[in-house]
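*Asks:* Here is what each chain is made of, one letter per residue.
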Amino acid sequence: MSEQAALPAPLAGLVGEFEAVDRALRAEMLIDYADRFESVPAAVAMRPYPEQNRAPRCESEAYVFATDQADGTLRYWFAVENPQGLSAKAWAMIMDETLSGQPLEDIVRVPQSVVFSIFGRDVSMGKGQGLIGMLECVQHEARRRLDQRRRSAPPLE
Amino acid sequence: MSETALSAPIASRGYARPEALVSTDWVEQHLHDSDVRIIESNEDSLLYPFGHIQGAVQVDWALDLNDQVRRDYLDRASFEKLMSRIGVTRDMTVVFYGDKSNWWATYAFWVFQLFGHTKAKVMDGGRLKWEKEKRPMTREHPSYEATSYTSPERDDARIRAFRDEVMSHIRAHKKLVDVRSPQEFSGERTHMPEYPQEGVLRGGHIPGAKNVPWARAANPEDGTFKDAAALRAIYEGEIGMRPTDDIIAYCRIGERSSHTWFVLTYLLGYTQVRNYDGSWTEWGNAVGMPIEKP
Numbered sequence: 001m002s003e004q005a006a007l008p009a010p011l012a013g014l015v016g017e018f019e020a021v022d023r024a025l026r027a028e029m030l031i032d033y034a035d036r037f038e039s040v041p042a043a044v045a046m047r048p049y050p051e052q053n054r055a056p057r058c059e060s061e062a063y064v065f066a067t068d069q070a071d072g073t074l075r076y077w078f079a080v081e082n083p084q085g086l087s088a089k090a091w092a093m094i095m096d097e098t099l100s101g102q103p104l105e106d107i108v109r110v111p112q113s114v115v116f117s118i119f120g121r122d123v124s125m126g127k128g129q130g131l132i133g134m135l136e137c138v139q140h141e142a143r144r145r146l147d148q149r150r151r152s153a154p155p156l157e
Numbered sequence: 001m002s003e004t005a006l007s008a009p010i011a012s013r014g015y016a017r018p019e020a021l022v023s024t025d026w027v028e029q030h031l032h033d034s035d036v037r038i039i040e041s042n043e044d045s046l047l048y049p050f051g052h053i054q055g056a057v058q059v060d061w062a063l064d065l066n067d068q069v070r071r072d073y074l075d076r077a078s079f080e081k082l083m084s085r086i087g088v089t090r091d092m093t094v095v096f097y098g099d100k101s102n103w104w105a106t107y108a109f110w111v112f113q114l115f116g117h118t119k120a121k122v123m124d125g126g127r128l129k130w131e132k133e134k135r136p137m138t139r140e141h142p143s144y145e146a147t148s149y150t151s152p153e154r155d156d157a158r159i160r161a162f163r164d165e166v167m168s169h170i171r172a173h174k175k176l177v178d179v180r181s182p183q184e185f186s187g188e189r190t191h192m193p194e195y196p197q198e199g200v201l202r203g204g205h206i207p208g209a210k211n212v213p214w215a216r217a218a219n220p221e222d223g224t225f226k227d228a229a230a231l232r233a234i235y236e237g238e239i240g241m242r243p244t245d246d247i248i249a250y251c252r253i254g255e256r257s258s259h260t261w262f263v264l265t266y267l268l269g270y271t272q273v274r275n276y277d278g279s280w281t282e283w284g285n286a287v288g289m290p291i292e293k294p
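Protein sequences appear in the order of chains A and B. Residues in the first sequence are numbered from 1 upward in steps of one, following this note's numbering. Residues in the second sequence are numbered from 1 upward in steps of one, following this note's numbering.
Calculated directly from the structure, the hints in this document are not laboratory data. Model, not experiment: these values are computed from the prediction. Even glycine gets a Cβ: it sits at the ideal position worked out from N, Cα and C. Watch out, some of these pointers could steer you wrong.
To be verified - Computed, partial: chain B to chain A, Cβ under 10 Å: (1) Leu46; (2) Arg127; (3) Glu131.
As the list claims (entries may be wrong) - Computed far set for chain B versus chain A, every beta-carbon distance over 12 Å: (4) Lys100; (5) Arg135; (6) Gly208; (7) Gly240; (8) Thr271.
What the hints assert, rightly or not - FRET-style restraints, in silico, Cβ to Cβ: (9) A:Ser113 / B:Asp164: 37 to 45 Å; (10) A:Asn82 / B:Glu145: 52 to 60 Å; (11) A:Met125 / B:Lys132: 26 to 34 Å.
Starting from the given sequences, assemble the full structure and let the hints guide the process.
*Replies:* This is the structure we're talking about:
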């Protein structure tokens, strides 16, 4: 993809892998991610999850949470309430493994087209929009921290 | 393993053609029946590889049923190739099931009827019910010997409607059912809630159409079809349809309306129902088409 250079390195590497495989192998890889999905621990969030953490347009009822890490990065956590929400689970795992711990400035620059690089161009319209909604939540958390830091930074001389 | 308590036996629900539906019990009893091919058809292409009914093959609505260049369905040669690949002969019974209350399963069923494969059934409740009943699923991809399948030419006249036919239909004040969401029907939206607002230039509905969202025909808890009395209350009680009416159903691209087409034709026994697959993405984009919008 043309925007690949703008992606955080772990995500760029994964995009390259997905773009190199055929449809069947892509499905296998996504299912492997979905199989490894673990829901947000109770220490971070408990049901009923706050509506403000719900990904817009996601039919699988996905929720996105972020906790601050000592180095200023974020650890992302997810919940997917629809047991048939395989794509949402796979995407949650991918974002956890490739965006947690990455510079916030890089996360907010991730283009929405990355969803199609990973899930393929034939992803249905509804599903694609739900996955983009999850990415928007992830970026919202990063943007919120960046704004807070900007506001609390001492004024320039 | 047993049926969920929610749904009464199919035979007791008063359907006009109950033979078009089979239960999850029936499917489990026919897993090894060489005269039966089980076909899964979903919106989410990951569901089948993640797990499916043993022996089931996948028919993908976008890749297998649509022409890959122009907007149309596959032709006779492609249908024959598809049937050969999934190991189906003209004499075999195909049983469809899928996600979203069999929305995509009935779409595949409808396309198969364009080629006259009438030995076809739908598994009531689809994937949701099978999973809720904790019936076995597998990730093993079945392999069937390729068959030699000879199909008639696709017959679009009987159950498929085209734009000009819809225009004649409304001029003759015949019945139309718009199965989209109320917001799409009113023109507030051009796609389902939660779906992107794209692809259609104008909102509203075809003049004279009545709105019955497709999913009202299904029980949301387990995806089964409502019984005939409940369906009649909706289609006859609420919008005044009659079994002998000439009816055209439409939605956005013809998939949701194939669910309603199935309900009216097989469960209520209506004799003249066609699916307008051009639907709103054609009507709402075409120049000069009449549109009703409150």
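*Asks:* Now, for every hint given, state plainly whether the structure supports it.
*Replies:* Going down the list of hints, with the structure as the test:
| no. | hint | in the structure |
| --- | --- | --- |
| 1 | Leu46 | holds, 4 Å |
| 2 | Arg127 | holds, 8 Å |
| 3 | Glu131 | holds, 8 Å |
| 4 | Lys100 | violated, 9 Å |
| 5 | Arg135 | holds, 15 Å |
| 6 | Gly208 | holds, 28 Å |
| 7 | Gly240 | holds, 32 Å |
| 8 | Thr271 | holds, 33 Å |
| 9 | A:Ser113 / B:Asp164: 37 to 45 Å | holds, 38 Å |
| 10 | A:Asn82 / B:Glu145: 52 to 60 Å | violated, 37 Å |
| 11 | A:Met125 / B:Lys132: 26 to 34 Å | holds, 27 Å |
The structure shown violates the earlier hints numbered 4 and 10.
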